[in-house]
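Visitor: My request is simple: use the sequences and hints to build the entire structure.
Numbering follows my numbering, with no gaps: position 44 of the sequence shown is 993.
Keep in mind that the hints were calculated from the coordinates and are not lab data.
Please note: incorrect hints may appear among the correct ones.
Simulated crosslink set (EDC-like; lysine to aspartate or glutamate; CA at most 16 Å straight-line) [to be verified]:
hint, residue 1, residue 2
1, Lys-1016, Glu-1052
2, Lys-1042, Glu-1060
3, Lys-1045, Glu-971
The calculated label-pair distances, taken between Cβ atoms and stated as ranges, are [to be verified]:
hint, residue 1, residue 2, range
4, Pro-962, Asp-1044, 28 to 34 Å
5, Pro-962, His-1046, 32 to 38 Å
6, Lys-1045, Gly-994, 28 to 34 Å
7, Ile-1002, Gln-968, 14 to 20 Å
Yeah, the Cβ is synthetic: ideal placement off N, Cα and C, and Gly gets one too.
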Amino acid sequence: MLNHYETVFILTPVLSDVQMKEAVEKFRTVITDNGGEIVNEENWGLRKLAYPIQKKSTGFYNLFDFKVEPDVIAKLELAFRRDERVIRFLTFKMDKHSEAYSEKRRKTIKEKKEK
950 MLNHYETVFI LTPVLSDVQM KEAVEKFRTV ITDNGGEIVN EENWGLRKLA
1000 YPIQKKSTGF YNLFDFKVEP DVIAKLELAF RRDERVIRFL TFKMDKHSEA
1050 YSEKRRKTIK EKKEK
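Guide: What follows is the structure, given as C-alpha cells:
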C-alpha cells in the first residue's frame, strides 16, 4: 500500500541553477524509480535559514508531496544524507488531516497563480 508523504529539503546556496535542478531531479528519480508518484512539487527558492547550518545562512528550499511504499523512504533519506548538496531534510508521513490541509493549500496557490 502506498503511503502519502511530504518532504522538504534544503540545498546549499552555492549551487548554480543547473546544479540545483540536477539535485532535485535526482531525488525525484529516487521516488519515481521505486514505484512512487509525485503528487505535488514546489520550489520555494532561496530563503534565509532560522540559524546557520554548515556556516551558511541561506538555502534553496524544495518540497515534494508524494505517495510511495514505506520502505522507499529509507532509500530517499539515504540519498539525502549521502549528497553533500543537501544541508537539511525532513520527511513527514501525512495523515488524513494533513492531506486535506495540503490539498486546500495547493488549491489556494493555484487560484493565486490564475489571478
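Visitor: Against each hint, give a clear statement of whether it holds in the structure.
Guide: Comparing the hints with the structure gives:
1. Lys-1016 x Glu-1052: Holds: Lys-1016 and Glu-1052 sit about 14 Å apart, inside 16 Å.
2. Lys-1042 x Glu-1060: violated (26 Å)
3. Lys-1045 x Glu-971: Since the Cα atoms of Lys-1045 and Glu-971 sit roughly 32 Å apart, the hinted pair is violated (cutoff 16 Å).
4. Pro-962 x Asp-1044: 28 to 34 Å: About 33 Å separates the Cβ atoms of Pro-962 and Asp-1044, which means 28 to 34 Å holds.
5. Pro-962 x His-1046: 32 to 38 Å: holds (33 Å)
6. Lys-1045 x Gly-994: 28 to 34 Å: The hinted range 28 to 34 Å holds for Lys-1045 and Gly-994, with Cβ atoms some 30 Å apart.
7. Ile-1002 x Gln-968: 14 to 20 Å: holds (18 Å)
Hint compliance for this structure: hints 2, 3 are not met, and every other hint is.
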